[in-house]
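Using the sequences and the hints, build the whole thing.
Residues 995 to 1442 in this note's numbering are what the sequence shown spells out, letter by letter.
In short, the hints are calculated from the structure, not lab data. Remember, predicted model here, so these are calculated numbers, not experimental data. Yeah, the Cβ is synthetic: ideal placement off N, Cα and C, and Gly gets one too. Hints may contain errors.
Claimed, not checked - Derived DEER-like restraints, expressed as beta-carbon distance ranges:
(1) Gln1318 to Phe1117: 22 to 28 Å
(2) Arg1169 to Glu1419: 42 to 48 Å
(3) Pro1405 to Asp1147: 42 to 48 Å
(4) Ser1428 to Glu1232: 30 to 36 Å
(5) Asp1147 to Ser1366: 25 to 31 Å
(6) Ser1081 to His1311: 39 to 45 Å
(7) Glu1118 to His1430: 17 to 23 Å
(8) Pro1242 to Arg1322: 17 to 23 Å
(9) Gly1109 to Ala1395: 21 to 27 Å
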Amino acid sequence: MRWQTVRARRRVTLCRCGHSEIKPRCDGTHRAIAFREWATHDSATASLPPDFALILFPRAGILASSSPTTGGGTAMRAVAVFPQARSIEVVDHTAPERRASTEVLAKVLEVGVCGTDREIARFEYGIPPGGDEYLVIGHESLAEVVEVGDDVDGLAPGDLVVTMVRRACGRPDCRPCRAGRQDFCVTGDYTERGIKGRHGFMTDQLVDDARFMVKVPAELWKVGVLTEPLTIAQKALEELWHAQDRLPWIDAGAAPDARGRGHRAVVLGAGPVGLLGAMALLEAGFDTTIYSRSPAPNPKADLATAIGVRYVSSSEHDLDELIQIAGRPDVIYEAAGVADVAMDVLQALGPNGVFVFTGVPGPEQAKPLDASALMRRMVLGNQLILGTVNAGRGAYESAVASLGAFHRRWPSELAALITKRHALEEAPGLLTNSSHGIKDVVALDGLS
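Spelled out as C-alpha coordinates, the structure:
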(Lines of atoms letter the chains of each structure in order from A and count residues from 1; the text may use other names and numbers.)
(Lines give C-alpha, C1' and ligand atoms only; values in the text may rest on other atoms or scores of the structure.)
Protein backbone atom coordinates (compact mmCIF):
# COMPACT_ATOMS: atom_id res chain seq x y z
CA MET A 1 0.00 0.00 0.00
CA ARG A 2 1.20 3.51 -0.79
CA TRP A 3 -0.25 6.98 -0.47
CA GLN A 4 0.32 10.06 -2.56
CA THR A 5 0.17 13.73 -1.67
CA VAL A 6 -1.82 15.61 -4.30
CA ARG A 7 -1.77 19.38 -4.64
CA ALA A 8 -5.01 21.00 -5.63
CA ARG A 9 -7.25 23.79 -4.36
CA ARG A 10 -6.79 22.24 -0.96
CA ARG A 11 -4.40 19.58 0.29
CA VAL A 12 -5.70 16.05 -0.09
CA THR A 13 -4.04 12.70 0.36
CA LEU A 14 -5.01 9.71 -1.67
CA CYS A 15 -3.84 6.12 -1.37
CA ARG A 16 -4.36 3.01 -3.40
CA CYS A 17 -6.70 1.61 -0.79
CA GLY A 18 -9.08 4.50 -1.49
CA HIS A 19 -8.55 6.49 1.71
CA SER A 20 -8.46 10.25 1.36
CA GLU A 21 -8.42 12.94 3.99
CA ILE A 22 -7.33 16.52 4.43
CA LYS A 23 -4.24 15.71 6.50
CA PRO A 24 -1.30 14.12 4.65
CA ARG A 25 -1.51 10.67 6.15
CA CYS A 26 -3.52 7.47 5.83
CA ASP A 27 -3.35 4.80 8.54
CA GLY A 28 0.39 5.23 9.17
CA THR A 29 1.42 2.06 7.37
CA HIS A 30 1.56 3.21 3.77
CA ARG A 31 4.85 4.08 2.18
CA ALA A 32 5.21 7.58 0.84
CA ILE A 33 5.70 8.47 -2.79
CA ALA A 34 5.53 11.82 -4.51
CA PHE A 35 4.45 12.39 -8.08
CA ARG A 36 6.41 14.64 -10.36
CA GLU A 37 5.86 16.22 -13.71
CA TRP A 38 5.08 13.77 -16.52
CA ALA A 39 4.40 10.99 -14.00
CA THR A 40 1.17 9.10 -14.65
CA HIS A 41 -0.80 6.97 -12.26
CA ASP A 42 -4.48 6.21 -12.69
CA SER A 43 -5.20 5.94 -8.98
CA ALA A 44 -3.74 9.39 -8.36
CA THR A 45 -6.79 11.15 -9.78
CA ALA A 46 -9.46 8.47 -9.68
CA SER A 47 -11.17 9.68 -6.50
CA LEU A 48 -10.64 13.43 -6.84
CA PRO A 49 -13.68 15.69 -7.20
CA PRO A 50 -13.92 17.26 -10.67
CA ASP A 51 -13.11 20.76 -9.39
CA PHE A 52 -9.67 19.67 -8.18
CA ALA A 53 -6.66 20.28 -10.43
CA LEU A 54 -3.64 18.04 -10.02
CA ILE A 55 -0.39 19.97 -9.97
CA LEU A 56 2.54 17.71 -10.69
CA PHE A 57 5.98 18.41 -9.31
CA PRO A 58 8.67 19.32 -11.85
CA ARG A 59 10.69 16.18 -12.14
CA ALA A 60 10.27 12.94 -13.98
CA GLY A 61 9.58 9.68 -12.22
CA ILE A 62 8.13 8.50 -8.94
CA LEU A 63 9.91 8.52 -5.61
CA ALA A 64 9.38 5.51 -3.38
CA SER A 65 10.69 5.45 0.15
CA SER A 66 12.09 2.30 1.67
CA SER A 67 10.42 2.85 5.01
CA PRO A 68 7.16 4.07 6.57
CA THR A 69 6.69 7.83 6.65
CA THR A 70 7.67 8.11 10.29
CA GLY A 71 11.06 6.55 9.48
CA GLY A 72 13.16 4.57 11.88
CA GLY A 73 13.88 0.91 12.31
CA THR A 74 14.60 0.06 8.70
CA ALA A 75 17.79 0.37 6.72
CA MET A 76 18.49 2.90 4.00
CA ARG A 77 21.47 3.62 1.79
CA ALA A 78 24.15 6.01 2.97
CA VAL A 79 27.67 7.00 1.98
CA ALA A 80 29.86 6.53 5.03
CA VAL A 81 33.43 7.60 5.80
CA PHE A 82 35.28 5.33 8.25
CA PRO A 83 38.15 7.44 9.67
CA GLN A 84 39.83 4.62 11.60
CA ALA A 85 39.61 2.07 8.79
CA ARG A 86 40.32 4.82 6.23
CA SER A 87 37.61 3.62 3.89
CA ILE A 88 34.52 5.02 2.17
CA GLU A 89 31.57 2.73 1.59
CA VAL A 90 27.88 2.67 0.70
CA VAL A 91 26.32 1.16 3.83
CA ASP A 92 22.93 0.19 5.21
CA HIS A 93 22.20 2.97 7.69
CA THR A 94 19.27 3.00 10.11
CA ALA A 95 16.51 5.25 8.80
CA PRO A 96 15.89 8.29 11.02
CA GLU A 97 12.78 8.46 13.16
CA ARG A 98 10.67 11.57 13.59
CA ARG A 99 10.12 11.83 17.34
CA ALA A 100 9.33 15.46 18.16
CA SER A 101 6.26 17.41 17.07
CA THR A 102 8.52 20.07 15.53
CA GLU A 103 10.47 17.63 13.39
CA VAL A 104 10.22 16.97 9.66
CA LEU A 105 10.89 13.77 7.74
CA ALA A 106 12.22 14.41 4.24
CA LYS A 107 13.32 12.38 1.25
CA VAL A 108 16.81 13.44 0.14
CA LEU A 109 16.86 14.27 -3.56
CA GLU A 110 20.34 15.65 -4.21
CA VAL A 111 23.57 16.28 -2.34
CA GLY A 112 26.36 18.50 -3.63
CA VAL A 113 30.01 17.49 -3.38
CA CYS A 114 32.55 20.16 -2.44
CA GLY A 115 36.16 20.48 -1.38
CA THR A 116 35.26 19.90 2.26
CA ASP A 117 33.75 16.53 1.37
CA ARG A 118 36.87 15.53 -0.54
CA GLU A 119 39.06 16.56 2.39
CA ILE A 120 36.94 14.40 4.70
CA ALA A 121 37.29 11.57 2.16
CA ARG A 122 41.07 12.03 2.42
CA PHE A 123 40.64 11.63 6.20
CA GLU A 124 42.05 15.09 6.89
CA TYR A 125 39.13 15.70 9.23
CA GLY A 126 35.53 14.65 9.77
CA ILE A 127 34.24 13.38 13.12
CA PRO A 128 31.55 10.68 13.42
CA PRO A 129 28.81 11.08 16.05
CA GLY A 130 29.79 9.75 19.45
CA GLY A 131 29.85 5.98 19.52
CA ASP A 132 29.68 5.56 15.73
CA GLU A 133 32.55 4.21 13.67
CA TYR A 134 31.56 6.12 10.55
CA LEU A 135 30.31 9.52 9.45
CA VAL A 136 27.56 9.81 6.85
CA ILE A 137 28.97 12.49 4.59
CA GLY A 138 27.26 15.35 2.73
CA HIS A 139 26.17 18.83 3.85
CA GLU A 140 24.81 20.46 0.67
CA SER A 141 21.29 19.08 0.38
CA LEU A 142 17.99 19.36 -1.41
CA ALA A 143 15.14 17.27 -0.03
CA GLU A 144 11.39 16.85 -0.30
CA VAL A 145 9.18 16.91 2.76
CA VAL A 146 7.40 13.60 3.39
CA GLU A 147 5.84 14.17 6.81
CA VAL A 148 5.69 16.99 9.34
CA GLY A 149 5.05 17.06 13.07
CA ASP A 150 1.88 18.56 14.49
CA ASP A 151 3.65 21.74 15.59
CA VAL A 152 5.34 22.47 12.26
CA ASP A 153 4.11 25.57 10.44
CA GLY A 154 5.07 26.66 6.94
CA LEU A 155 6.12 23.26 5.62
CA ALA A 156 3.96 20.51 4.14
CA PRO A 157 4.49 17.21 2.31
CA GLY A 158 5.74 17.86 -1.20
CA ASP A 159 7.66 21.03 -0.32
CA LEU A 160 11.31 21.27 -1.29
CA VAL A 161 13.73 22.18 1.50
CA VAL A 162 17.39 22.71 2.22
CA THR A 163 18.64 21.83 5.69
CA MET A 164 21.09 23.97 7.61
CA VAL A 165 24.41 22.42 8.56
CA ARG A 166 25.58 23.68 11.95
CA ARG A 167 23.96 23.08 15.37
CA ALA A 168 24.58 25.06 18.55
CA CYS A 169 27.17 24.01 21.11
CA GLY A 170 24.66 24.20 23.96
CA ARG A 171 27.13 25.91 26.26
CA PRO A 172 25.56 28.59 28.50
CA ASP A 173 28.60 30.83 28.05
CA CYS A 174 28.23 30.97 24.24
CA ARG A 175 26.15 34.06 23.51
CA PRO A 176 25.91 33.49 19.71
CA CYS A 177 24.62 29.93 20.11
CA ARG A 178 22.13 31.05 22.76
CA ALA A 179 20.87 33.61 20.24
CA GLY A 180 20.48 31.03 17.46
CA ARG A 181 23.58 32.22 15.59
CA GLN A 182 25.70 29.10 15.89
CA ASP A 183 27.62 30.25 12.81
CA PHE A 184 29.39 32.61 15.26
CA CYS A 185 29.96 29.96 17.96
CA VAL A 186 32.84 30.95 20.25
CA THR A 187 33.48 27.60 21.95
CA GLY A 188 34.13 25.41 18.92
CA ASP A 189 31.86 22.75 20.42
CA TYR A 190 29.22 23.07 17.69
CA THR A 191 28.30 20.08 15.54
CA GLU A 192 27.83 20.05 11.78
CA ARG A 193 25.85 17.61 9.71
CA GLY A 194 28.12 15.56 7.50
CA ILE A 195 31.25 17.16 8.95
CA LYS A 196 31.54 17.11 12.72
CA GLY A 197 29.62 15.01 15.20
CA ARG A 198 26.38 14.58 13.19
CA HIS A 199 25.54 12.40 10.24
CA GLY A 200 25.08 14.20 6.95
CA PHE A 201 22.69 14.09 4.05
CA MET A 202 24.14 11.62 1.53
CA THR A 203 21.46 9.10 2.41
CA ASP A 204 17.86 8.35 1.45
CA GLN A 205 16.06 10.17 4.27
CA LEU A 206 16.69 12.84 6.86
CA VAL A 207 14.90 14.06 9.95
CA ASP A 208 15.53 17.45 11.49
CA ASP A 209 13.78 20.19 13.38
CA ALA A 210 11.76 22.47 11.14
CA ARG A 211 13.67 25.53 12.33
CA PHE A 212 16.72 24.19 10.50
CA MET A 213 14.86 23.70 7.21
CA VAL A 214 14.35 26.43 4.62
CA LYS A 215 11.71 26.10 1.93
CA VAL A 216 12.79 26.22 -1.71
CA PRO A 217 10.32 27.15 -4.48
CA ALA A 218 9.40 24.23 -6.73
CA GLU A 219 10.70 26.03 -9.82
CA LEU A 220 14.24 25.87 -8.38
CA TRP A 221 14.32 22.06 -8.21
CA LYS A 222 17.16 21.89 -10.74
CA VAL A 223 19.42 24.26 -8.81
CA GLY A 224 18.20 24.14 -5.21
CA VAL A 225 21.19 22.03 -4.18
CA LEU A 226 23.34 25.14 -4.79
CA THR A 227 21.73 26.94 -1.85
CA GLU A 228 24.31 25.98 0.78
CA PRO A 229 27.39 27.06 -1.23
CA LEU A 230 25.61 30.32 -2.05
CA THR A 231 25.06 31.01 1.67
CA ILE A 232 28.79 31.69 1.90
CA ALA A 233 28.45 34.71 -0.36
CA GLN A 234 25.17 35.78 1.20
CA LYS A 235 26.63 35.87 4.69
CA ALA A 236 29.73 37.66 3.38
CA LEU A 237 27.54 40.32 1.76
CA GLU A 238 25.48 40.74 4.93
CA GLU A 239 28.67 41.36 6.90
CA LEU A 240 30.05 43.62 4.17
CA TRP A 241 26.99 45.89 4.30
CA HIS A 242 27.23 46.08 8.11
CA ALA A 243 30.96 46.82 7.98
CA GLN A 244 30.63 49.53 5.37
CA ASP A 245 28.00 51.37 7.38
CA ARG A 246 31.09 52.83 9.09
CA LEU A 247 31.55 55.26 6.18
CA PRO A 248 29.60 56.86 3.30
CA TRP A 249 30.04 53.88 1.00
CA ILE A 250 26.49 53.01 -0.09
CA ASP A 251 24.12 55.62 -1.49
CA ALA A 252 21.31 56.41 0.92
CA GLY A 253 18.18 54.44 0.10
CA ALA A 254 19.96 52.31 -2.50
CA ALA A 255 17.98 49.32 -3.74
CA PRO A 256 19.46 45.86 -3.08
CA ASP A 257 20.65 45.65 -6.69
CA ALA A 258 22.38 49.04 -6.43
CA ARG A 259 24.26 48.85 -3.13
CA GLY A 260 27.45 47.87 -4.94
CA ARG A 261 27.02 50.36 -7.76
CA GLY A 262 30.14 52.40 -8.41
CA HIS A 263 32.35 49.82 -6.68
CA ARG A 264 34.64 47.11 -8.01
CA ALA A 265 34.85 43.52 -6.79
CA VAL A 266 37.45 40.86 -7.52
CA VAL A 267 36.66 37.20 -6.87
CA LEU A 268 39.58 34.83 -6.31
CA GLY A 269 38.76 31.43 -7.76
CA ALA A 270 36.23 30.19 -10.30
CA GLY A 271 34.85 27.17 -8.49
CA PRO A 272 31.21 26.96 -7.39
CA VAL A 273 31.73 29.28 -4.41
CA GLY A 274 33.57 31.80 -6.59
CA LEU A 275 31.08 31.73 -9.46
CA LEU A 276 28.07 31.95 -7.14
CA GLY A 277 29.82 34.77 -5.29
CA ALA A 278 30.42 36.56 -8.58
CA MET A 279 26.73 36.24 -9.43
CA ALA A 280 25.79 37.66 -6.02
CA LEU A 281 28.21 40.58 -6.38
CA LEU A 282 27.03 41.28 -9.91
CA GLU A 283 23.41 41.14 -8.75
CA ALA A 284 24.28 43.70 -6.06
CA GLY A 285 25.63 46.10 -8.70
CA PHE A 286 29.40 45.57 -8.44
CA ASP A 287 31.69 45.74 -11.46
CA THR A 288 32.96 42.19 -10.99
CA THR A 289 36.13 40.40 -12.09
CA ILE A 290 37.14 36.79 -11.49
CA TYR A 291 40.88 36.20 -11.02
CA SER A 292 41.60 32.51 -11.45
CA ARG A 293 44.49 30.32 -12.47
CA SER A 294 43.29 28.56 -15.65
CA PRO A 295 43.78 30.41 -18.94
CA ALA A 296 40.70 31.13 -21.02
CA PRO A 297 38.95 29.63 -22.83
CA ASN A 298 37.68 27.07 -20.36
CA PRO A 299 34.16 26.22 -19.12
CA LYS A 300 34.46 28.36 -15.99
CA ALA A 301 35.76 31.36 -17.92
CA ASP A 302 33.05 30.90 -20.53
CA LEU A 303 30.37 30.83 -17.84
CA ALA A 304 31.80 33.92 -16.15
CA THR A 305 31.82 35.81 -19.43
CA ALA A 306 28.27 34.71 -20.20
CA ILE A 307 26.91 36.29 -17.02
CA GLY A 308 28.79 39.54 -17.60
CA VAL A 309 31.81 39.00 -15.34
CA ARG A 310 35.34 39.84 -16.47
CA TYR A 311 37.66 36.80 -16.35
CA VAL A 312 41.40 37.28 -15.83
CA SER A 313 43.84 34.36 -15.64
CA SER A 314 46.49 34.61 -12.93
CA SER A 315 48.77 32.38 -15.00
CA GLU A 316 48.71 34.98 -17.79
CA HIS A 317 48.40 38.27 -15.87
CA ASP A 318 50.28 39.32 -12.75
CA LEU A 319 48.90 41.54 -10.03
CA ASP A 320 49.87 44.81 -11.70
CA GLU A 321 48.13 43.72 -14.89
CA LEU A 322 45.04 42.72 -12.91
CA ILE A 323 44.89 46.24 -11.47
CA GLN A 324 45.31 47.74 -14.95
CA ILE A 325 42.48 45.57 -16.30
CA ALA A 326 40.01 45.70 -13.41
CA GLY A 327 41.09 48.70 -11.35
CA ARG A 328 41.79 48.61 -7.62
CA PRO A 329 38.99 46.57 -6.05
CA ASP A 330 36.80 47.87 -3.26
CA VAL A 331 35.95 44.28 -2.33
CA ILE A 332 38.05 41.15 -2.74
CA TYR A 333 36.07 37.94 -2.24
CA GLU A 334 38.46 35.06 -1.66
CA ALA A 335 37.01 31.71 -2.76
CA ALA A 336 40.12 29.68 -3.55
CA GLY A 337 41.59 28.70 -0.19
CA VAL A 338 45.13 29.35 -1.43
CA ALA A 339 47.04 31.49 1.04
CA ASP A 340 49.88 32.77 -1.15
CA VAL A 341 47.48 33.96 -3.88
CA ALA A 342 45.28 35.66 -1.29
CA MET A 343 48.21 37.48 0.31
CA ASP A 344 49.45 38.67 -3.08
CA VAL A 345 46.08 40.03 -4.19
CA LEU A 346 45.48 41.67 -0.81
CA GLN A 347 48.05 44.25 -1.92
CA ALA A 348 45.64 45.39 -4.65
CA LEU A 349 42.81 46.31 -2.26
CA GLY A 350 41.69 49.91 -2.67
CA PRO A 351 41.01 52.62 -0.06
CA ASN A 352 38.17 51.79 2.38
CA GLY A 353 38.17 48.29 0.91
CA VAL A 354 37.21 44.97 2.46
CA PHE A 355 38.98 41.66 1.90
CA VAL A 356 36.71 38.68 2.63
CA PHE A 357 38.29 35.31 3.41
CA THR A 358 36.03 32.27 2.89
CA GLY A 359 38.55 29.50 2.12
CA VAL A 360 40.50 27.39 4.58
CA PRO A 361 44.01 26.70 3.24
CA GLY A 362 45.67 23.36 3.66
CA PRO A 363 49.06 22.77 5.29
CA GLU A 364 51.16 24.65 2.77
CA GLN A 365 54.70 25.93 2.96
CA ALA A 366 54.76 29.21 4.85
CA LYS A 367 55.19 32.32 2.75
CA PRO A 368 57.04 35.39 4.08
CA LEU A 369 54.75 38.34 4.72
CA ASP A 370 55.76 41.99 4.99
CA ALA A 371 53.65 42.70 8.06
CA SER A 372 54.79 46.34 8.26
CA ALA A 373 53.63 47.07 4.72
CA LEU A 374 50.33 45.28 5.35
CA MET A 375 49.73 47.25 8.54
CA ARG A 376 50.62 50.52 6.81
CA ARG A 377 48.19 49.88 3.93
CA MET A 378 45.36 48.85 6.21
CA VAL A 379 45.69 51.80 8.58
CA LEU A 380 46.24 54.49 5.96
CA GLY A 381 43.62 52.97 3.66
CA ASN A 382 40.89 52.33 6.26
CA GLN A 383 40.84 48.72 5.12
CA LEU A 384 39.23 45.67 6.70
CA ILE A 385 40.00 41.95 6.56
CA LEU A 386 36.95 39.82 7.23
CA GLY A 387 36.75 36.08 7.77
CA THR A 388 33.43 34.27 7.43
CA VAL A 389 32.37 30.67 7.94
CA ASN A 390 29.06 28.82 7.93
CA ALA A 391 25.75 30.70 7.78
CA GLY A 392 22.65 31.48 9.80
CA ARG A 393 19.06 31.06 8.71
CA GLY A 394 18.91 34.56 7.27
CA ALA A 395 21.72 33.77 4.84
CA TYR A 396 19.93 30.58 3.77
CA GLU A 397 16.73 32.50 3.11
CA SER A 398 18.67 35.17 1.20
CA ALA A 399 20.42 32.45 -0.81
CA VAL A 400 17.09 30.93 -1.85
CA ALA A 401 15.83 34.37 -2.90
CA SER A 402 19.05 35.05 -4.83
CA LEU A 403 18.87 31.67 -6.56
CA GLY A 404 15.45 32.71 -7.78
CA ALA A 405 16.86 35.98 -9.10
CA PHE A 406 19.78 34.18 -10.76
CA HIS A 407 17.38 31.64 -12.27
CA ARG A 408 15.36 34.43 -13.85
CA ARG A 409 18.41 36.36 -15.07
CA TRP A 410 20.79 33.53 -16.07
CA PRO A 411 18.74 30.31 -16.24
CA SER A 412 21.09 28.29 -18.45
CA GLU A 413 24.29 29.60 -16.83
CA LEU A 414 23.03 28.84 -13.32
CA ALA A 415 22.05 25.31 -14.31
CA ALA A 416 25.46 24.88 -15.98
CA LEU A 417 27.19 25.21 -12.60
CA ILE A 418 26.16 21.60 -12.02
CA THR A 419 28.53 19.71 -14.27
CA LYS A 420 27.19 16.21 -13.68
CA ARG A 421 24.77 14.24 -11.55
CA HIS A 422 25.97 10.88 -10.23
CA ALA A 423 24.25 7.85 -8.75
CA LEU A 424 24.76 7.28 -5.05
CA GLU A 425 26.74 4.13 -5.75
CA GLU A 426 29.31 6.25 -7.61
CA ALA A 427 29.87 8.55 -4.62
CA PRO A 428 32.90 6.79 -3.04
CA GLY A 429 34.85 7.09 -6.29
CA LEU A 430 33.60 10.61 -6.86
CA LEU A 431 34.80 11.70 -3.43
CA THR A 432 38.29 10.28 -3.89
CA ASN A 433 38.91 11.54 -7.42
CA SER A 434 39.66 15.09 -8.46
CA SER A 435 36.80 17.04 -9.96
CA HIS A 436 37.26 18.26 -13.52
CA GLY A 437 34.02 20.22 -13.66
CA ILE A 438 32.39 22.91 -11.57
CA LYS A 439 29.92 21.17 -9.26
CA ASP A 440 29.30 17.43 -8.93
CA VAL A 441 25.99 16.32 -7.44
CA VAL A 442 24.86 12.96 -6.10
CA ALA A 443 21.26 12.35 -7.19
CA LEU A 444 19.49 9.99 -4.81
CA ASP A 445 16.28 10.49 -6.76
CA GLY A 446 17.74 8.87 -9.88
CA LEU A 447 19.58 10.59 -12.70
CA SER A 448 17.80 12.99 -15.03
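Checked hints:
| no. | hint | verdict |
| --- | --- | --- |
| 1 | Gln1318 to Phe1117: 22 to 28 Å | violated (44 Å) |
| 2 | Arg1169 to Glu1419: 42 to 48 Å | holds (44 Å) |
| 3 | Pro1405 to Asp1147: 42 to 48 Å | violated (31 Å) |
| 4 | Ser1428 to Glu1232: 30 to 36 Å | holds (33 Å) |
| 5 | Asp1147 to Ser1366: 25 to 31 Å | violated (56 Å) |
| 6 | Ser1081 to His1311: 39 to 45 Å | holds (43 Å) |
| 7 | Glu1118 to His1430: 17 to 23 Å | holds (21 Å) |
| 8 | Pro1242 to Arg1322: 17 to 23 Å | holds (18 Å) |
| 9 | Gly1109 to Ala1395: 21 to 27 Å | holds (25 Å) |
Of the numbered hints given earlier, the model fails hints 1, 3 and 5; all others are met.
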